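Taken in order, these protein sequences are the chains called A and B. Mapping the first sequence onto numbering that gives the first Met the number 0, position 71 (from 1) lands on 70, and the numbers just tick up by one. Mapping the second sequence onto numbering that gives the first Met the number 0, position 84 (from 1) lands on 83, and the numbers just tick up by one.
If you are wondering where the hints come from, they were derived from the structure by calculation, not from laboratory data. These figures come from a predicted structure and were not determined experimentally. By construction, the Cβ of each residue, glycine as well, lies at the ideal position given by its N, Cα and C atoms. Misleading hints may appear alongside valid ones.
Stated by the list, open to error - Simulated restraints, written as ranges between beta carbons of each label pair:
(1) B:S96 <-> A:R44: 50 to 58 Å
(2) A:T69 <-> B:E43: 21 to 29 Å
(3) B:T147 <-> A:A49: 17 to 25 Å
(4) B:T132 <-> A:P71: 34 to 42 Å
(5) B:T147 <-> A:E4: 21 to 29 Å
(6) B:T129 <-> A:S31: 24 to 32 Å
(7) B:E52 <-> A:G30: 41 to 49 Å
(8) A:S38 <-> B:G41: 42 to 50 Å
(9) B:T132 <-> A:L57: 38 to 46 Å
Claimed, not checked - Stretch by stretch, here's where chain B covers chain A in the computed footprint (C-beta under 8 Å, at least three residues):
(10) 90 to 96
(11) 99 to 111
(12) 126 to 133
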Amino acid sequence: MSEVESAVLVLGGTEAAVYAYGLVAARVPSGSQRSTALSAMAWHRTQRDALRARITALGSTPPAAAAAYTPPFAVTDAASARRLAALVEDRLAGQWAGLAASSAAAARTRDALTAQTCATRVVTWSGTAPVWNGAV
Amino acid sequence: MPTDLSRRDLLRLGVIVSAGAGLAACTTASSSGTPTQTDPGGPEDPDRALRAEVAAAEARLTALYAAAAKVLPGTSATRASAVGQRHEAYRAAVQPSSGSTAPGSASASGASGATGASASPALPAVSAATALTVLVAAETTAAAARATQSARATDAELARVIVLAGTGAAAAAAALSAGRAR
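Chain A on its own, in the form it takes in the complex:
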């Protein structure tokens, strides 16, 4: 997979994460968990904008975000919201690792560190540390 193809894949995951965190923020208790969710949403928005610029710089056109995303399970309470956040972050960590592998060395370290940020958020939401991020 080329760098631009990987970047488009991560962009899709990031758009989904922004949407997912809207659901998460609505379901977790107000206070620190909601603040964490909103902070994560803002962080993913920043990544999204950077990815769109990167895809453009690579000579391609970033695809538009979907109007809505369907979670893989019903998000009906705080527990399912946290599970969704952990799942989204785990998948993104794996996708960022793929992008890092496709990238030139200069960008690879930065992408790897971004993957690590996602991986640590998996712990934040689930309390577990997957051995291989993105494997589920």
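Add chain B to chain A, keeping to what the hints say.
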């Protein structure tokens, strides 16, 4: 309070170990990279030195967990040993010739290879709390190192595996730190 610390250690380590079961079910899509033209780890492999470097570092982490297990009581010691197996999986994944556990490729193997985790314990007689602090520091250092090491890989699949070893280390450090804060 030693008893309290031990109980918390158990919880901290259990958090990580519980994720270990997922290793056997790794089905992630394979990477994106260009095919390796040479035998991975073989004499012609341009990444040979990098593979050896990362493998040795992962083996040291496995040994560190084994040493930590010696200063932790009971079940937490058992679990610390299990956590160390994560690093054995990463070690094997960067050196496929000694048994690969790369996600989306070969099946898991807990056996130590030629550069396996049989090193002598890295921790002297320390408390459980100190052992935990050492583990957090080691995982944090490993995460940073893997991010920079990945940039040196010429093989994209190797780069991906090293990046994932880094995400695993970062997550382990976060999980250990979270447990310590409780």
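We went through each hint and held it up to the structure:
no. : hint                         : verdict
1   : B:S96 <-> A:R44: 50 to 58 Å  : violated (43 Å)
2   : A:T69 <-> B:E43: 21 to 29 Å  : violated (48 Å)
3   : B:T147 <-> A:A49: 17 to 25 Å : holds (20 Å)
4   : B:T132 <-> A:P71: 34 to 42 Å : holds (38 Å)
5   : B:T147 <-> A:E4: 21 to 29 Å  : holds (25 Å)
6   : B:T129 <-> A:S31: 24 to 32 Å : holds (29 Å)
7   : B:E52 <-> A:G30: 41 to 49 Å  : holds (44 Å)
8   : A:S38 <-> B:G41: 42 to 50 Å  : holds (46 Å)
9   : B:T132 <-> A:L57: 38 to 46 Å : holds (43 Å)
10  : 90 to 96                     : holds (count 4)
11  : 99 to 111                    : holds (count 9)
12  : 126 to 133                   : holds (count 8)
In terms of the numbered hints stated before, the structure departs from hints 1, 2, listed from lowest to highest.
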